[in-house]
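Asker: Listed below are the residues making up each chain.
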Amino acid sequence: MQRCHGREIVAGIMFEQSKPALGSEIVAEASMAYTGTAIGASELAATGGDGSDDLKRHFRLGESLIHSVLVACGVLSMLTTLGIVIVLGIESWRFFRVPEVTLWEFVTNTVWQPRINEFGMLPLLSATLMTSFIAMLVALPLGLMAAIYMSEYATPRTRGVLKPVLELLAGIPTVVYGYFALTFMTPLLRTILGKDIVEIYNTASAGIVIGILIIPLVASMSEDALRAVPSGLREAAYGLGGTKFETAIQVVLPAALSGVTAAFIVAVARAVGETMVVALAAGAGPNLTANPFVGAETITGHIARISGGDLSYDSIDYQSIFALAFVLFLMTLSLNIFSRWLMRRFRQEYQ
Amino acid sequence: MAIQTKMATGTSSSSASTLADMTSGGGMAAPAARTHDGPLAIEARNMNIYYGNFHAVRDINLQVEPRKITALIGPSGCGKSTVLRAFNRMNDLVASARVEGEVLFNGRNIYAPEVDAVEVRRRIGMVFQKPNPFPKSIYDNVAWGAKVNGFKGDMDGLVEQALRNAALWDEVKDKLKQSGYSLSGGQQQRLCIARAIAIKPEIILMDEPCSALDPIATLAIEDLMKELVEKYTIMIVTHNMQQAARVSDYTAFFMVDPKRTGHLVEYGPTRQLFTNPKEKRTEDYITGRFG
Ligand SMILES: Nc1ncnc2c1ncn2[C@@H]1O[C@H](COP(=O)(O)OP(=O)(O)OP(=O)(O)O)[C@@H](O)[C@H]1O
Ligand SMILES: [Mg+2]
Numbered sequence: 000m001q002r003c004h005g006r007e008i009v010a011g012i013m014f015e016q017s018k019p020a021l022g023s024e025i026v027a028e029a030s031m032a033y034t035g036t037a038i039g040a041s042e043l044a045a046t047g048g049d050g051s052d053d054l055k056r057h058f059r060l061g062e063s064l065i066h067s068v069l070v071a072c073g074v075l076s077m078l079t080t081l082g083i084v085i086v087l088g089i090e091s092w093r094f095f096r097v098p099e100v101t102l103w104e105f106v107t108n109t110v111w112q113p114r115i116n117e118f119g120m121l122p123l124l125s126a127t128l129m130t131s132f133i134a135m136l137v138a139l140p141l142g143l144m145a146a147i148y149m150s151e152y153a154t155p156r157t158r159g160v161l162k163p164v165l166e167l168l169a170g171i172p173t174v175v176y177g178y179f180a181l182t183f184m185t186p187l188l189r190t191i192l193g194k195d196i197v198e199i200y201n202t203a204s205a206g207i208v209i210g211i212l213i214i215p216l217v218a219s220m221s222e223d224a225l226r227a228v229p230s231g232l233r234e235a236a237y238g239l240g241g242t243k244f245e246t247a248i249q250v251v252l253p254a255a256l257s258g259v260t261a262a263f264i265v266a267v268a269r270a271v272g273e274t275m276v277v278a279l280a281a282g283a284g285p286n287l288t289a290n291p292f293v294g295a296e297t298i299t300g301h302i303a304r305i306s307g308g309d310l311s312y313d314s315i316d317y318q319s320i321f322a323l324a325f326v327l328f329l330m331t332l333s334l335n336i337f338s339r340w341l342m343r344r345f346r347q348e349y350q
Numbered sequence: 000m001a002i003q004t005k006m007a008t009g010t011s012s013s014s015a016s017t018l019a020d021m022t023s024g025g026g027m028a029a030p031a032a033r034t035h036d037g038p039l040a041i042e043a044r045n046m047n048i049y050y051g052n053f054h055a056v057r058d059i060n061l062q063v064e065p066r067k068i069t070a071l072i073g074p075s076g077c078g079k080s081t082v083l084r085a086f087n088r089m090n091d092l093v094a095s096a097r098v099e100g101e102v103l104f105n106g107r108n109i110y111a112p113e114v115d116a117v118e119v120r121r122r123i124g125m126v127f128q129k130p131n132p133f134p135k136s137i138y139d140n141v142a143w144g145a146k147v148n149g150f151k152g153d154m155d156g157l158v159e160q161a162l163r164n165a166a167l168w169d170e171v172k173d174k175l176k177q178s179g180y181s182l183s184g185g186q187q188q189r190l191c192i193a194r195a196i197a198i199k200p201e202i203i204l205m206d207e208p209c210s211a212l213d214p215i216a217t218l219a220i221e222d223l224m225k226e227l228v229e230k231y232t233i234m235i236v237t238h239n240m241q242q243a244a245r246v247s248d249y250t251a252f253f254m255v256d257p258k259r260t261g262h263l264v265e266y267g268p269t270r271q272l273f274t275n276p277k278e279k280r281t282e283d284y285i286t287g288r289f290g
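Heads up: the protein sequence lines correspond to chains Y and L, in order. With numbering that gives the first Met the number 0, the residue at position 222 of the first sequence is 221, and numbering never jumps. With numbering that gives the first Met the number 0, the residue at position 165 of the second sequence is 164, and numbering never jumps.
In short, the hints are calculated from the structure, not lab data. Keep in mind the model is a prediction, meaning the values are calculated, not measured. Glycine included, every Cβ here is placed at the ideal spot set by N, Cα and C. Do not take every clue at face value.
Derived list of chain L stretches under chain Y, where covered just means 3 residues or more per stretch with a C-beta under 8 Å from a C-beta of chain Y [as the list claims (entries may be wrong)]:
1) 88 to 94
2) 186 to 198
3) 223 to 229
4) 259 to 272
In isolation and in its complexed conformation, chain Y is listed as follows (with noise of 0.2 Å):
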């Protein structure tokens, strides 16, 4: 009986301890670490509970099938992402071992001509880069200042209909958005700024529209973020007299930091991947420039591009791109890492 109860605590225990880490987890993961934990802490329970017979375990059919079909379909899609980084990572390797191309080359070299075997990245990087740079300066201050809006100001009406159209707007094939930025937005800059500045193919028309297309993400997540601050906190700052601008500003949004953050770096990521966009509005053609108003080709609207055309399997243009779709990856990756590092700094601090 002793034995039994020390078993208990010791699950209990570790419950308790996996809590904190739990905390700092992104909620898909945090659900599954969650369900791991569960059943490792009742079985540990359970096998102490071997001494009396009312108290045994009973075998419960449907309970251990949607257990088993629950597991699978985590294991499913951990399995899926191996393999895409499995392949990436064969590809990747298999293009640096061809006698042309080295590592070095591929991250310093300044241009990039699969013809005449120069795989030299930084063009498409600096493309991609400059694309998410502007569509983060357009996204941020219009997404925030509407989740702001949505769950600071808006009557409980308002927000009815906002946050439906707002979503619908994410719901636009980004096709839709990439012919937007060539007959619109374009035209548009070319106006204002001048037909001899802009051309017709340029990184600042692309990245404002792929601004406008992930405003809705940031608005959206940064609501629920902002939307989840306990209301405790803003009756305290009514109560010491704040104006409904200085509550928002002041004391909802830095204790939604954690979570408008995650909604800026999922909102990056997006930005980086968009592909159709890019595509179609901001060239065909690698350029290592720091002007926004001419043509320059990034690195998904290169992979865009290529794997259209007709390529062997074996050629070396064919794995440069598995290269190219590695280094986005690992993008993506650090940007989660970098998201979720903060995050839990802001646990720390404000909890």
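Using the hints, position chain L with the ligands against chain Y.
Answerer: Okay, now just chain L with the ligands, sitting in the frame of chain Y:
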């Protein structure tokens, strides 16, 4: 100043009688038993509060004495919080809430259309049931209210003074830059009180400020209230009869009628209300024979 004097004379007629002369409150909710003619801190007149169609409290007449502790007691759901929040227009934040009647503060009805709720709350501060520090440092928690109130003087001095008044200074003086969440529950509540004091309000409203605290922290807050009442008017909602009896000078007892509408049953000096209540219902409630 002129307004205050006028108000004082205005109220003197209704409160000329001394406590000894007071007889039963009659059919209406009992008016305050005033023992002197000075100006009131705040006064509710014929206050009715609704949440949508629900009549939450009715016909509240409450005269709150300055620099005294007034306790609001009564069973759960009788509208204590609703009444308390009406005194600094916190009910404005509830979309469905509607307040009728008058709340006179310095001779002005705070519900008059030209009155700014934000200005009201700068003069009538509030401490809530659950400690709710901002996600900021201890220092910034205290400084925030003063900052948004346009305080331009010696902020360090103000923060220290507020923390000293809230009996928290010695515990936090070496970690002012740390998060407010790094404190214990009782310390957090004292931080919230310090935050409320820092804006130098005339009245502090406290809604069950000790309900999340252990007995020792509770006593610390009670001691604190007794010190604060030398400078401020305090109104406190509490479920704890002993607490009301220990700290308050005046007590208002609320109950609900069959339609669940809250009303003021009896209001008077705490001693009298606890030792010699005029209403049978009050006696039943404070002696625990409520049913
Ligand atoms: N935001 C609200 N919307 C609708 N009804 C409300 C709201 N707040 C309170 N009420 C109702 O008003 C009545 C009084 O509530 P109130 O919170 O003032 O009671 P209380 O005396 O403070 O109770 P407790 O002692 O439990 O805190 C209750 O019937 C409650 O259901
Ligand atoms: Mg209450």
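Asker: Does each hint fit the structure? Answer for all of them.
Answerer: Hint by hint, here is what the structure shows:
no., hint, result
1, 88 to 94, "holds (count 3)"
2, 186 to 198, "holds (count 4)"
3, 223 to 229, "violated (count 0)"
4, 259 to 272, "violated (count 0)"
In terms of the numbered hints stated before, the structure departs from hints 3, 4, listed from lowest to highest.
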